[in-house]
Each structure stands twice: as structure tokens, then as C-alpha cells.
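Trainee: Here is how the chains run, residue by residue.
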Amino acid sequence: MATDAIRRHAVWQSTGLRNALILLALWEIIGQLGLVAGGALPPPSDILIRLWQDRGDYPNHIGATLYASVMGFLIGNAVAIAAGVAFALSPALLRLFRGINIAAFALPPIAIAPILALTMSGMAPRITLAALGVYFVTMTATVIGLSQADSRAEDVVRAYGGSRWTVLRLVQFRGAVPSILAGLRIAAPNAVLGAILAEFGGGGRWGLGTYLLGSLGRGEPDRLWGIGLIATLIAGLSYAGFALLSRRLLGATKAVTLNTAVPTGGTASTCLSARVRMALATVLLPFALWWALIKLSGAPAMIAKTPGDVFEYLFLSQGAAAAQARLLAALAETLPITFIGMAAGLAFAFLLAILSRLMPRFIEAFMPVALITQTMPLVALTPLLVLILGRGPSLTLWITISVTFFPAFVTLAQGIALVPKSAEDLPRAYGASRWTEMRMVTIPASLPYLFAATRLTVPRALLGVMIAEWLATGRGLGNLLNQSRGYLDYGMIWSVAAVSVILSVVFYQLVVVAERQVLARLGMATPE
Amino acid sequence: MRQPDGIALTGVSKTFTGRGKVVEALREVTLACPPGSFTSIIGPSGCGKSTVMRIALGLETADAGEVRVAGQRSLEAARQGITGVAFQDAALLPWRSVRRNVEVPLEVLGRTPRAEAAQVQAMIDLVGLKGYENSLPGELSGGMRQRVAIARALVTHPQVLFMDEPFGALDQILRRQMNVELQRIWADTGSTALLVTHGIDEAVFLSDRVVVMHANPGRIAGVIDVPFDRPRQPPLFSDPAFHKVCDRVAEALHGN
Ligand SMILES: Nc1ncnc2c1ncn2[C@@H]1O[C@H](COP(=O)(O)OP(=O)(O)OP(=O)(O)O)[C@@H](O)[C@H]1O
Ligand SMILES: [Mg+2]
Numbered sequence: 002m003a004t005d006a007i008r009r010h011a012v013w014q015s016t017g018l019r020n021a022l023i024l025l026a027l028w029e030i031i032g033q034l035g036l037v038a039g040g041a042l043p044p045p046s047d048i049l050i051r052l053w054q055d056r057g058d059y060p061n062h063i064g065a066t067l068y069a070s071v072m073g074f075l076i077g078n079a080v081a082i083a084a085g086v087a088f089a090l091s092p093a094l095l096r097l098f099r100g101i102n103i104a105a106f107a108l109p110p111i112a113i114a115p116i117l118a119l120t121m122s123g124m125a126p127r128i129t130l131a132a133l134g135v136y137f138v139t140m141t142a143t144v145i146g147l148s149q150a151d152s153r154a155e156d157v158v159r160a161y162g163g164s165r166w167t168v169l170r171l172v173q174f175r176g177a178v179p180s181i182l183a184g185l186r187i188a189a190p191n192a193v194l195g196a197i198l199a200e201f202g203g204g205g206r207w208g209l210g211t212y213l214l215g216s217l218g219r220g221e222p223d224r225l226w227g228i229g230l231i232a233t234l235i236a237g238l239s240y241a242g243f244a245l246l247s248r249r250l251l252g253a254t255k256a257v258t259l260n261t262a263v264p265t266g267g268t269a270s271t272c273l274s275a276r277v278r279m280a281l282a283t284v285l286l287p288f289a290l291w292w293a294l295i296k297l298s299g300a301p302a303m304i305a306k307t308p309g310d311v312f313e314y315l316f317l318s319q320g321a322a323a324a325q326a327r328l329l330a331a332l333a334e335t336l337p338i339t340f341i342g343m344a345a346g347l348a349f350a351f352l353l354a355i356l357s358r359l360m361p362r363f364i365e366a367f368m369p370v371a372l373i374t375q376t377m378p379l380v381a382l383t384p385l386l387v388l389i390l391g392r393g394p395s396l397t398l399w400i401t402i403s404v405t406f407f408p409a410f411v412t413l414a415q416g417i418a419l420v421p422k423s424a425e426d427l428p429r430a431y432g433a434s435r436w437t438e439m440r441m442v443t444i445p446a447s448l449p450y451l452f453a454a455t456r457l458t459v460p461r462a463l464l465g466v467m468i469a470e471w472l473a474t475g476r477g478l479g480n481l482l483n484q485s486r487g488y489l490d491y492g493m494i495w496s497v498a499a500v501s502v503i504l505s506v507v508f509y510q511l512v513v514v515a516e517r518q519v520l521a522r523l524g525m526a527t528p529e
Numbered sequence: 057m058r059q060p061d062g063i064a065l066t067g068v069s070k071t072f073t074g075r076g077k078v079v080e081a082l083r084e085v086t087l088a089c090p091p092g093s094f095t096s097i098i099g100p101s102g103c104g105k106s107t108v109m110r111i112a113l114g115l116e117t118a119d120a121g122e123v124r125v126a127g128q129r130s131l132e133a134a135r136q137g138i139t140g141v142a143f144q145d146a147a148l149l150p151w152r153s154v155r156r157n158v159e160v161p162l163e164v165l166g167r168t169p170r171a172e173a174a175q176v177q178a179m180i181d182l183v184g185l186k187g188y189e190n191s192l193p194g195e196l197s198g199g200m201r202q203r204v205a206i207a208r209a210l211v212t213h214p215q216v217l218f219m220d221e222p223f224g225a226l227d228q229i230l231r232r233q234m235n236v237e238l239q240r241i242w243a244d245t246g247s248t249a250l251l252v253t254h255g256i257d258e259a260v261f262l263s264d265r266v267v268v269m270h271a272n273p274g275r276i277a278g279v280i281d282v283p284f285d286r287p288r289q290p291p292l293f294s295d296p297a298f299h300k301v302c303d304r305v306a307e308a309l310h311g312n
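Going down the list, the protein sequences come from chains V and B.
Here the first sequence stands for residues 2 to 529, where the numbers follow our numbering.
Here the second sequence stands for residues 57 to 312, where the numbers follow our numbering.
Keep in mind that the hints were calculated from the coordinates and are not lab data.
Given the structure is predicted, the values throughout are model-derived calculations rather than measurements.
Glycine included, C-beta positions come from ideal geometry on N, C-alpha and C.
Hints may contain errors.
Below, simulated SDA-like cross-link-like pairs (lysine to any residue); rule was C-alpha separation at most 20 Å, straight line [as the list claims (entries may be wrong)]: (1) Lys77/B x Leu230/B; (2) Lys77/B x Val519/V; (3) Lys77/B x Gln518/V; (4) Lys77/B x Arg522/V; (5) Lys77/B x Ala521/V; (6) Lys77/B x Leu67/V; (7) Lys186/B x Leu230/B; (8) Lys77/B x Arg517/V.
Taking beta-carbon pairs under 7 Å as the criterion, some of the chain V residues facing chain B (in silico) [as the list claims (entries may be wrong)]: (9) Asp156; (10) Val158; (11) Tyr161.
Calculated Cβ distances over 10 Å to all of chain V for the following chain B residues [unchecked claim]: (12) Pro100; (13) Asp119; (14) Ala120; (15) Ala173.
Construct the entire structure; sequences and hints are all you get.
Mentor: So, in C-alpha cells, the structure goes:
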């Protein structure tokens, strides 16, 4: 058995290696012949030669990006896990902070990068953006992990008079580890992406984002590819590190029976006025925080706008009508493509996650490719895609699909991997086919994760579209943001950021409502 | 002064409301287990046996009525280490070895498992899992997992012992063996025991009294005293007098 597994693994490695070599050879030929978009895809040998020529530049750029990513990763995760524990202990706190959490998640880094660069100095904007990229994913993973602990095991501890804290310590923390690790796995490339986006948004001499931006105008595909590959390598390695860690920690510790208890926690207070007050507080808290941060930062009022300033800009000022018109036109361009891309990315992820259970071989062969393309930080990817796909809507669509697919696939694959053994043994015992087993157990059991994936995807889709618009297509919200940056139209910069965040929050909330309805009918928990 | 009852439920009612369905799980259940007595609850599936136990343990709050364990409120009794519990479902922590699972109650009560290593080992030996101390629950059979849960229930020397079908997944021979062992441990510790079971012979063999429950709403339909001397020996299982008591329990179960 064991030797068989090892042999299979070895075979897989060698075929994987063979496939990679074939792919490289193909790429080399295509590149040498200049078949793609007139040399937009240089052969690997050119890229390597260019990397070697540029070797003196890289250490400083990589060092700067790594520093910001690691610092942001550490700070963001520390805050996220602490917050996750607090939220798991107090559902009321979770409800109160809901607005802030979603806003922190949904705010498109591309939109606030220029704002951060204006109001902070040094490495602070980069670290902040990296931390923000990490916070929501890890916080959600922590809360899901803690709240989906085995309620029967919790009963044992409570039956001995164990306090809330004891339950947390003995049952929930350890039970949450796989979930948190899955979160960190997604968070790690996010931190790199956040750091690069911030470099991109302004300031500083070093960093891969700065380097990329500096090389973008020169039309040197081989250097752009080199930077993209290095950025991908860093993000991919950080992902692989956590994937390896979770593989070592998981294994024989899967729960052995399916927990069927209907969760009782999380029932909101019954009194209507209390509910309304809570909802109001949830909505107002992010705005209060925004206002407080502006006041505390002491940034000049010309640059740093409060919620009141933005409202005035959009509705009361002289140019209000013109500003509204520009904003609405941009939205009409951005929203449709966002939805199409998101739906496609999500469908692809769900299909693939299911296939990974039905056809493990196929997924083994596909996985390395998916990982490489998907951990590639977006900013590094976009210029390359521009070279290949041009500046049309298909570019936007592909970028959106690729940014939504990755987190959705990881979330779903994780959910499907968590389906307990005994639940699948049952249909198998009745001679069910792989597909029947899938339909009866795996898909229903992974439904909560499908919803979680959808929630994760909503703001990402918007971010992907905005980045493509900013960098390439010159349409929609992203372009409006970029233009306003050029015109020093701070009111519009803040308005676009606020509108995109509010939109994300609203869509997110719609998904949550649908999720509650469906899962409640199926007697499943809604992971927060 | 008279010692308080080991377990006392007075007029306990409980209704579950979930997903548009209302289930009256318990109506006016009154049950008193004198200190040191052994009581079994028997009844059809879904009649509220587990609910009685969960309410007595303080895991569920009753809609009406009063609950006392050793004269105290359930959770207070639990915090003092008075209660021990084995659930219908083994409910082991999948990432902990057998030994570390048995140590859970000690940890919850703030005792040091290291200091009671001998007791932990004794309980593991008692349930016949010597040699499996370091195995993970995923590597054990269903019956073995249940035996870990029994060892875990006994490790604190509880004064009041709750058991919800603890022998459900055991084979008949092992089950009889465990019945005899349980009787011995219970007699040694002088604890008050409440056992939920589906086995009539098991209930009669072990108990001073068998409480028969009916469903819809869950209620106590009758209490049957079991007069046999203790310690009871396995030959009792084939005694005609034993069968007579079993028949009375079966009659009460089937109603009229
Ligand atoms: N958390 C809950 N929510 C809703 N209904 C519940 C809940 N727990 C129990 N019930 C209902 O209460 C009734 C009694 O359940 P209980 O688990 O006490 O039965 P039981 O006698 O232990 O059955 P079994 O012998 O099958 O274990 C059942 O109808 C069950 O559906
Ligand atoms: Mg039961």
C-alpha cells in the first residue's frame, strides 16, 4: 500500500516533469517564431537571459516587496485571528462589526492605494495594503473553523462544567487549525498582491510593483515576463509553504462521523427595536471609523475626505451633477462585466473542485498549472495579458475569471476534503457510483463552502475589473479612478472608492441572504 | 441529615421549535434517583431519553420544572467534578490519542492529568484498550471508540454517572462483560447512576429501578423495581425470575 502510493507519487512527479518540459519546449518554439501578438510572448530563454542581465536590480526590488508582504502578513493575521476568536466568542460583536469586516474585505486595494500613498509615508502604505489583503480571509477562516467545531465534543467539555474558554481551548482551536491554514494559504499570495498594488499606487524607489510600472512603458516583454515570473514565484512559494504545512497537520485527524446537530447559536435578539438598532450600528460603524481615521491622521482636508465631504462632493457641490453623471456612466461599463466574470470563475471553480473528487488523476496533472497561473499576482499578470489579448473587453473578462477562480477553488476543494469518511461510506456501501456519492453527500456537504466561495468572490471580481480598466482598457470605474488621480480630483477618488466599497458590501449582503435561506432549509450552519 | 437525591427532576417539560415544526420532547417528567442507586431509562427511539439526560446535565435548559444533581444546580455540580458522562455518540476529539481523550475531563476540571496517569491507565485497561493508548480515534473501531468514551466517563470517579447508550456499539459478549464491570465500578464508588439504554436485559441486570418512557409527548409511563440482590452475577441472565421482570418491562414499553 504505502510503497504503491510512493511509486504512484514518483510516477506522477516524473510525468508532471515531462509535461512541464514539453510545455517549455513549445513555449520556446512559439516565442522564437514570434507567433503570439508579434513577439508579446518571448521564449523562456530570452526571459532567462534578461533576468540574468537585470540581476543587479532584483535583490533590492524583491527585498522591498518581501519586507512589506511579510510585515503585512504578520500584522494582518495577528489582528485577524484575534478578531476571529473574539467574534466566535461573541456573536453580538460579530454582528456589530459585520459592516467593518465586509468593508475591510471589499475595499478595492487599487482604489485606496493612491489614498494611502497620499496620507502615509515610507513603507506604511504597502504594509497596510498587504495586511488588509490578509485580514478578512484569515478572520473568516478562523470564525468558520471555530464555529464548525463538533458540537458533540463541545457537549462533553460543557458537561464537565467547562467554560466558554475551555471549550475554545480544548475543542475549537485545534479543530479550527485546518480552516485557518486554508485561510493563510489564500492570504499569503494576497499579501504579496497587496504590497505590489501599493507600490503601484505610488511612492518609493524599490519594489517589484515599482519596477514593473517603470518597465511597462518601454515595451520590453522579456523584462515584464521576468518580473511577473519572480512575483509569481514569491506568491506561489508562500502558498506552497502553507499547503505543505496543512498536509502534514491534517491526515488521520478527520472527524469520523458527520455532525448532524442543528446549530442553535447566532439567533438574533427577538425584539424588533433592538434588531433595528443593531443594524443601524453595523452600517454606521464603518463610516464612523472612516471619519475617525481621517481626523486622527491629521492629513490636510484638501486630500483626506470624510464621509461628509464625499456626500457634499456628490450631491451638494457645484459640480455634483457632472460628477454623478461620470460616476453612473462608469458604473454602467463596469458592473455587467463584473457579474459575467464572477459567474464564470465560480462555475469553473465548482466544476473543478467536484472533478478533483471524481478524477483525482486529472486534478493532479492540472493542479500545478492552476497554481502557477492563479498565484501570479494580478498586477504582474495584467501587463502580460495586455500584450497577448490586447485592450478589449475579453481582457477584462479573463482577468476577472482568474481572480475569482483561485480563492473559490481553494475554498471549495477544502470543503469537499472535509466531508467525513463515514458520510461517504454509506452510499458507497449501497454500491453507489462515484457520481451518486457526489450528488448525495459531497455536493450538499460542500454547499456552505460554495456560498463562502461566492462571498469571497464578489469583491474580487470588482477588483479584477477595476485593475483591468485602470491598466488597460481605459473604461469604467478603474479608468475614472486613474483619471481623477491625474487631475488631482480628490473628491472623485474618494467617491469611486466609497461607491465601489458600498456596492461590494451590498452584493455581499445579497449573497448572505440567499445563503441563509438555502442553508436554513437544509439544516446547515452558515459559516460567518 | 438526609443526603440529597443524586438526581432529582421535578415537573420538567421541554418543547423544541425548529424549522416550523414543534416537538414536545418532554411533558411533566418527574424522576428522583436516591444517592447510590442505579436507574435505567428505556423507551422507543425519539421519546426524549437523551433530552432527559441533557437537561439533567445542564446542556439544555428545561422550559419548566426543576433540576438538581446532588442537591445542586447541574452546572455547579459539573464544575465540582461530581458528574461523569458518556454520550450516545462517542464524541471523541479526532486529533487526540486515546489516552489524551480520556484525560479531557481532568483537564476541563483543572486537574493535572500527569498526576493521575495511573488512574487514566487503569480506566483504559478496564475497557480493554491496553496497547491502544496512543492510537487516534480514526484508527479504532466503533465499539472501541465507545469504550474510550466509557473510560473517559469513569476517569474522574464521578458521584453521579450519566450514560446514554454507552454499550450501543458493543458485541453481546463484551456488552455483558462491560455490564458486570460497570456494576462493580458503580458499587465500588457508591455513585448514583442513570443509564439510557435500549436493552431490556441490560437495564434489568444493572438497575434498582427501570423507568419506562413513552413518546409524543415524551413522558414517564411507569417505573419497575428490580429486587435482585447485589452483586449480581452473569448467571442471573438465565434466571426465570429475571425473565419475569424483563417481561414486565416489555409490557410497560408496549403500553396499554
Ligand atoms: N436540538 C433539537 N432540536 C429539535 N428537536 C430536537 C432536538 N433534540 C431532540 N429533539 C427532538 O426531541 C425528541 C426527543 O429526542 P431525544 O434525542 O431525547 O430522543 P431519544 O429518546 O434519546 O431517542 P434515541 O433512542 O433514538 O436516542 C425527538 O423527537 C427529537 O426530534
Ligand atoms: Mg438518544
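Trainee: Could you run down the list of hints and mark each one as holding or not?
Mentor: Results of checking the hints against the structure:
1. Of the supplied pair hints, the one linking Lys77/B and Leu230/B is violated, its CA atoms being roughly 40 Å apart against a limit of 20 Å.
2. A hinted pair counts as satisfied when its Cα atoms are at most 20 Å apart, and Lys77/B with Val519/V qualifies at roughly 17 Å.
3. Between Lys77/B and Gln518/V the alpha-carbon distance is near 17 Å, which keeps this suggested pair within the 20 Å criterion.
4. Taking the CA atoms of Lys77/B and Arg522/V, the gap is about 12 Å. The hint holds against a cut of 20 Å.
5. Annotation: proposed proximity of Lys77/B to Ala521/V holds, straight-line Cα distance about 13 Å (limit 20 Å).
6. Restraint check for Lys77/B and Leu67/V: the C-alpha separation of about 56 Å exceeds 20 Å, so the hint is violated.
7. Among the hinted pairs, Lys186/B with Leu230/B is consistent with the structure: their alpha-carbon atoms are about 15 Å apart, no more than 20 Å.
8. With a C-alpha separation of about 18 Å, the suggested pairing of Lys77/B with Arg517/V holds against the 20 Å cut-off.
9. Of the supplied interface hints, the one on Asp156/V holds, with its beta-carbon coming within about 6 Å of a beta-carbon of chain B, less than 7 Å.
10. Checking Val158/V against chain B: minimum C-beta separation of about 5 Å stays under 7 Å; hint holds.
11. A hinted interface residue such as Tyr161/V counts as satisfied when its beta carbon comes closer than 7 Å to some beta carbon of chain B; here the least separation is about 4 Å, so the hint holds.
12. With a closest Cβ-Cβ approach of about 20 Å to chain V, Pro100/B is found to remain outside the 10 Å limit, as its non-interface label requires.
13. The claim that Asp119/B lies off the interface holds: its Cβ sits roughly 15 Å from the closest Cβ of chain V, which is beyond the 10 Å cut-off.
14. Taking the minimum C-beta to C-beta distance to chain V, about 19 Å, the non-interface status of Ala120/B holds against the 10 Å cut.
15. Interface exclusion of Ala173/B from chain V stands, the closest Cβ pair being 19 Å apart, more than 10 Å.
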